[in-house]
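Asks: Residue numbers (this note's numbering), protein chains in the order written: chain A, 43 to 344; chain B, 43 to 344.
Don't read these hints as lab results, they were simulated from the structure. Be a bit skeptical, because a hint or two may be false.
Since the list gives no way to pick out one identical chain from another, each pair is judged satisfied if it fits inside one copy or across any two copies.
Derived lysine-lysine pairs resembling BS3-like cross-links, with alpha carbons at most 27 Å apart [to be verified]: (1) 246 to 198; (2) 201 to 246; (3) 294 to 246; (4) 97 to 198; (5) 246 to 284; (6) 89 to 294; (7) 198 to 272; (8) 294 to 97; (9) 294 to 198; (10) 201 to 97; (11) 104 to 201; (12) 198 to 104; (13) 89 to 272; (14) 89 to 201; (15) 272 to 246; (16) 104 to 284; (17) 104 to 246.
2 protein chains.
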Amino acid sequence: MAETVGFIGLGIMGKPMARHLANAGYDVVIHTLNRETISTFTAESNKFIAASTPKDVAERAKTVITMLPDSPQVREVALGENGLIEAMGEGSLHIDMSTIAPATAIEVSTALAGVGAHALDAPVSGGEAGAVNAALSIMVGGAESDVERAMPLFEKMGKTIVHVGASGAGQVVKACNQVMVAVNYAAMSEALILGAKAGVDPEKILQVLGGGLANSRVMELKGQNAISGKFAPGFRVDLHRKDLNIAMNAGKTTGVPLPVTALVQQFFEALTVAGRGDLDHSSLITIYEDLAHYRIGQDLEA
Amino acid sequence: MAETVGFIGLGIMGKPMARHLANAGYDVVIHTLNRETISTFTAESNKFIAASTPKDVAERAKTVITMLPDSPQVREVALGENGLIEAMGEGSLHIDMSTIAPATAIEVSTALAGVGAHALDAPVSGGEAGAVNAALSIMVGGAESDVERAMPLFEKMGKTIVHVGASGAGQVVKACNQVMVAVNYAAMSEALILGAKAGVDPEKILQVLGGGLANSRVMELKGQNAISGKFAPGFRVDLHRKDLNIAMNAGKTTGVPLPVTALVQQFFEALTVAGRGDLDHSSLITIYEDLAHYRIGQDLEA
């Protein structure tokens, strides 16, 4: 008989991730707020089984993955009414792959431990393309034995899977990742606007800086977006803004002042204020174009 | 008969650069403030010829390279008493490879044009290792014909040589480079301190973040320095601080606000205030360690 796994949250990321599990032979018990998505999936393959609530999922599957927008949704699904906790017990494992606050990950893990269940926080990076290509990076926090148990599932969805520490550590590392990406965007943006407004061809700036210590993955993959003014996501500003809030709160909790992240976070707020929350995060450069009253690329385009 | 080239400024960078030219067969007319260095060089090879002033160098060589600490020194050597300008005329070429203000590069170039001489600004990146291995990146501003004339010299000292625009453009791109490197250090530092103080092994943070969009050359090459507390230069804080001042001034001149660079520049000032101006620039992380009252690496070590 095929193994069964639960999957809650079939959004842009969750859809391809759940499909990889079904394609690998798992029976996947699904739940999501959009009823049409449920119908689509159950029509698509008999490996998908609809469940009505998170509790219902946990009754039918000992291992349940969640892929949700933010901390409140994970708390609600895990610990709320008809939540996972009402059906989980000894031998149950909750794997949360959402990006949420480390403190919430620990809160959920602790609550589930109270009924004998286990939990992992396992946020991902790599975006929609990484999810579709089963090439996600997965940073996992929790107990070693639980990570071993989850590994076959992770291997169906990701390529780089690293156990980074105890419960909450996965979310901490994801916050670190989002801090570094955002600030690297600021670095590239300030360099490009300084050079371009001074009259240097921004293509040459990318070429020269890419050959030395200044280079970054952000510049390699998103430099052309930044100078062309084409900002189709990719990864949306509003999601990165949410992740920077998580990082700032984690800094407050841990006692780590993050002055540069705080400033860059304010520019992400400004992007949303300017109506650019749905653009790719490489559109950070437009804030600098506004400040310098100078546009490198074409008119904004989503 | 061998071609002759002048070289003024035999510091950490200038020494190996001048030696590459002599090894390639050029007669190199040298001038520098340190008399011992002059003696060492003339004793080392008869390809080195001592000159007493910049004017003296320009009298003996149609092409003169300068490699000096900052804008005032370049202005003095080029335009001051017994400066290059007193002996330069039609057919003379001044190649300044120092890192200085774009405005000063343009000032020197314009003044030399007044006596019929030409000028290039050609700052480098790659540090002492790049100079020793003739692997510098050289970003060149000036006229195409002058760049062509200088190219055989550049090829003896560097690997990546890009003509980025008119006079001053080389210095602009160098300023962009230093902005991006400094802010990428801030990005890595905030990510590492956030994760490490929250209890995650910093080695794992480097491993996971290095595999994704967060990666940077700074993290690849200097991540281990940052978490080990070993900060032997490399590139000294005080020099990077100087370069950030140049970038901020260039931003002011051009009308480009650089808020993140401004903040990071203040942290470089703080490093100097703390007596760390002679450490490698990766020591930026120590400012965050101070702010968070938490040390990732060992005690500071130069």
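Asks: Would you mind marking each hint as holding or not holding in the structure?
Replies: Now the hints, each set against the structure:
1. Within a single copy, residue 246 and residue 198 get their C-alpha atoms only as close as 41 Å, which misses the 27 Å cut-off; across copies the closest is 22 Å, which meets it.
2. Taking identical chains as interchangeable, the C-alpha atoms of residue 201 and residue 246 lie at most 27 Å apart only when they sit on different chains, with a minimum of 16 Å there against 34 Å within one chain.
3. For the homomeric pair residue 294 and residue 246, the shortest alpha-carbon distance between copies (22 Å) is at most 27 Å, but the shortest distance inside one copy (40 Å) is not.
4. With identical chains, the CA atoms of residue 97 and residue 198 are at most 27 Å apart within one copy only, with a shortest distance of 25 Å there and 71 Å across copies.
5. Taking the closest pair of Cα atoms, residue 246 and residue 284 come within 27 Å of each other only across two copies (24 Å); inside a single copy the shortest separation is 34 Å, beyond that limit.
6. Taking the closest pair of Cα atoms, residue 89 and residue 294 never come within 27 Å of each other, the shortest separation being 44 Å inside a single copy and 62 Å across copies.
7. Taking the shortest alpha-carbon separations for residue 198 and residue 272, neither the intra-copy value of 33 Å nor the inter-copy value of 40 Å comes in at or below 27 Å.
8. In this homomeric assembly, residue 294 and residue 97 never come within 27 Å of each other (Cα to Cα): the closest approach is 33 Å inside a single copy and 60 Å across copies.
9. Neither within a single protomer nor between protomers do residue 294 and residue 198 lie at most 27 Å apart by alpha-carbon distance, with minima of 35 Å and 52 Å respectively.
10. For a Cα distance limit of 27 Å, the shortest separation of residue 201 from residue 97 qualifies neither inside one copy, at 30 Å, nor across copies, at 63 Å.
11. In this assembly of identical chains, residue 104 and residue 201 lie within 27 Å of each other by CA distance solely inside one copy; the values are 24 Å within and 59 Å between copies.
12. For a Cα distance limit of 27 Å, the shortest separation of residue 198 from residue 104 inside one copy, 18 Å, qualifies, whereas the shortest one across copies, 67 Å, does not.
13. Taking CA atoms no more than 27 Å apart as the test, residue 89 paired with residue 272 passes in neither setting, with 39 Å inside one copy and 54 Å between copies.
14. For a Cα distance limit of 27 Å, the shortest separation of residue 89 from residue 201 inside one copy, 23 Å, qualifies, whereas the shortest one across copies, 57 Å, does not.
15. Taking the closest pair of Cα atoms, residue 272 and residue 246 come within 27 Å of each other only inside a single copy of the chain (19 Å); across copies the shortest separation is 34 Å, beyond that limit.
16. Within a single copy, residue 104 and residue 284 get their C-alpha atoms no closer than 31 Å, and across copies no closer than 60 Å, so neither meets the 27 Å cut-off.
17. Proximity of residue 104 to residue 246 under the C-alpha cut-off of 27 Å is found in neither arrangement, the shortest distances being 55 Å within a copy and 30 Å between copies.
Checked against the numbered hints given earlier, this structure breaks hints 6, 7, 8, 9, 10, 13, 16, 17; the rest are met.
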